[in-house]
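Engineer: Sequence:
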Amino acid sequence: MLIAFWSAKGGSGTTVVATAMALVLARRSPVMIADLAGDVPAVLGLPGADGPGLMDWIAAPDVGAEGLARLETEAAPGVRLLPRGHTEPDPAPGGNDLPAALAARAGVVVADCGLLGQHDTPASRVARRATLSLLVIRPCFLALRRAAAIGVRPSAAVVVAEPKRCLHARDVTAVLHVPVVAVVPFEPAVARAVDTGALARRVPVALAAPLGRVLR
Numbered sequence: 001m002l003i004a005f006w007s008a009k010g011g012s013g014t015t016v017v018a019t020a021m022a023l024v025l026a027r028r029s030p031v032m033i034a035d036l037a038g039d040v041p042a043v044l045g046l047p048g049a050d051g052p053g054l055m056d057w058i059a060a061p062d063v064g065a066e067g068l069a070r071l072e073t074e075a076a077p078g079v080r081l082l083p084r085g086h087t088e089p090d091p092a093p094g095g096n097d098l099p100a101a102l103a104a105r106a107g108v109v110v111a112d113c114g115l116l117g118q119h120d121t122p123a124s125r126v127a128r129r130a131t132l133s134l135l136v137i138r139p140c141f142l143a144l145r146r147a148a149a150i151g152v153r154p155s156a157a158v159v160v161a162e163p164k165r166c167l168h169a170r171d172v173t174a175v176l177h178v179p180v181v182a183v184v185p186f187e188p189a190v191a192r193a194v195d196t197g198a199l200a201r202r203v204p205v206a207l208a209a210p211l212g213r214v215l216r
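Following my numbering from start to finish, the sequence shown increments by one per residue and tops out at 216.
Hints are computed from structural coordinates only; laboratory data are not their basis. Glycine is no exception: its CB is placed at the ideal position from the N, C-alpha and C atoms. Possibly wrong hints are sitting among the right ones.
[Claimed, not checked] Quick list of the computed label-pair ranges, beta carbon to beta carbon:
hint : residue 1 : residue 2 : range
1    : Pro-47    : Arg-170   : 35 to 43 angstroms
2    : Thr-73    : Ala-104   : 13 to 21 angstroms
3    : Lys-164   : Ala-209   : 31 to 39 angstroms
4    : Glu-74    : Gln-118   : 29 to 37 angstroms
5    : Pro-77    : Pro-47    : 14 to 22 angstroms
6    : Asp-62    : Ala-191   : 38 to 46 angstroms
7    : Arg-28    : Gln-118   : 35 to 43 angstroms
8    : Ala-69    : Lys-164   : 40 to 48 angstroms
9    : Ala-65    : Thr-131   : 12 to 20 angstroms
10   : Lys-164   : Gly-107   : 36 to 44 angstroms
11   : Asp-120   : His-86    : 14 to 22 angstroms
12   : Leu-142   : Pro-47    : 28 to 36 angstroms
Given the sequences, and given the hints that come with them, work out the whole structure.
Structural biologist: Below is the structure:
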């Protein structure tokens, strides 16, 4: 199963939500997290990967799926990481088929697709073809406006609820016509866990509880 997390506006918390989802699912069975945005190691308190990664694999069509497997590293108990790598800019279409390779893996793969725009990128291809494509969004007019205009249709949304906002989860459903499968409160404990590198050791309840219900 391939679960993609993405956003239409920066600062939505996509990487933190995707990484926390992988950590929560790893309590049941091993999980792979594919880091297409490049920030998962930082969220887990790990040094950045120095070697090749997903973008390099896409750009090397002579390297098969076995080459992708060699890029994996241990990121946390039960969580394997596929790093982004260093190929810039994003590889053009025509290289290795990353969505198919990730979907073919046994078990659950969580993909952090980061911020998507109007251009066709490896991250947008993964988001379009994922088993479950989850938009991470704050109930903000600008974020809703961008999400409605983008060319990727989510399966559902994860709302990061901020206090004193005029808009709420029901507004996300009304505008985008997709269900909200989790509402994550804006919680200082989450920021502290990320800032101190403690997220891999203990996912705050504010994140773990709503994300744990996504696949039920």
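Engineer: I want to verify a distance hint. Is the separation of the beta carbons of Pro-47 and Arg-170 within 35 to 43 angstroms?
Structural biologist: holds, 42 angstroms
Engineer: Against the range 31 to 39 angstroms, how does the distance between the Cβ atoms of Lys-164 and Ala-209 compare: consistent or not?
Structural biologist: Roughly 22 angstroms apart at Cβ, these two residues miss the hinted range, so it is violated.
Engineer: Take the C-beta atom of Leu-142 and the C-beta atom of Pro-47, compute their distance, and say whether it sits inside 28 to 36 angstroms.
Structural biologist: Between Leu-142 and Pro-47, where Cβ atoms are some 34 angstroms apart, the hint holds.
Engineer: Arg-28 and Gln-118, beta-carbon distance inside 35 to 43 angstroms?
Structural biologist: Because 37 angstroms falls inside the window, the suggested range holds.
Engineer: For the hint 29 to 37 angstroms, verify it against the beta carbon of Glu-74 and that of Gln-118.
Structural biologist: holds, 36 angstroms
Engineer: Falls inside 36 to 44 angstroms, the C-beta gap from Lys-164 to Gly-107?
Structural biologist: holds, 40 angstroms
Engineer: Return holds or violated for the Cβ distance of Thr-73 and Ala-104 against the range 13 to 21 angstroms.
Structural biologist: Given about 20 angstroms between the Cβ atoms, the range holds.
Engineer: Should the hint that Pro-77 and Pro-47 are 14 to 22 angstroms apart at their CB atoms be regarded as holding?
Structural biologist: Roughly 18 angstroms apart at Cβ, these two residues keep to the hinted range, so it holds.
Engineer: Range hint 12 to 20 angstroms: satisfied by the CB atoms of Ala-65 and Thr-131?
Structural biologist: holds, 18 angstroms
Engineer: Kindly confirm whether 40 to 48 angstroms is satisfied by the beta carbon distance between Ala-69 and Lys-164.
Structural biologist: holds, 47 angstroms
Engineer: Could you see if the CB distance from Asp-120 to His-86 stays within 14 to 22 angstroms?
Structural biologist: holds, 21 angstroms
Engineer: Using the Cβ atoms, figure out if Asp-62 sits within 38 to 46 angstroms of Ala-191.
Structural biologist: Because 43 angstroms falls inside the window, the suggested range holds.
Going down the numbered hints, you'll see the structure goes against just number 3.
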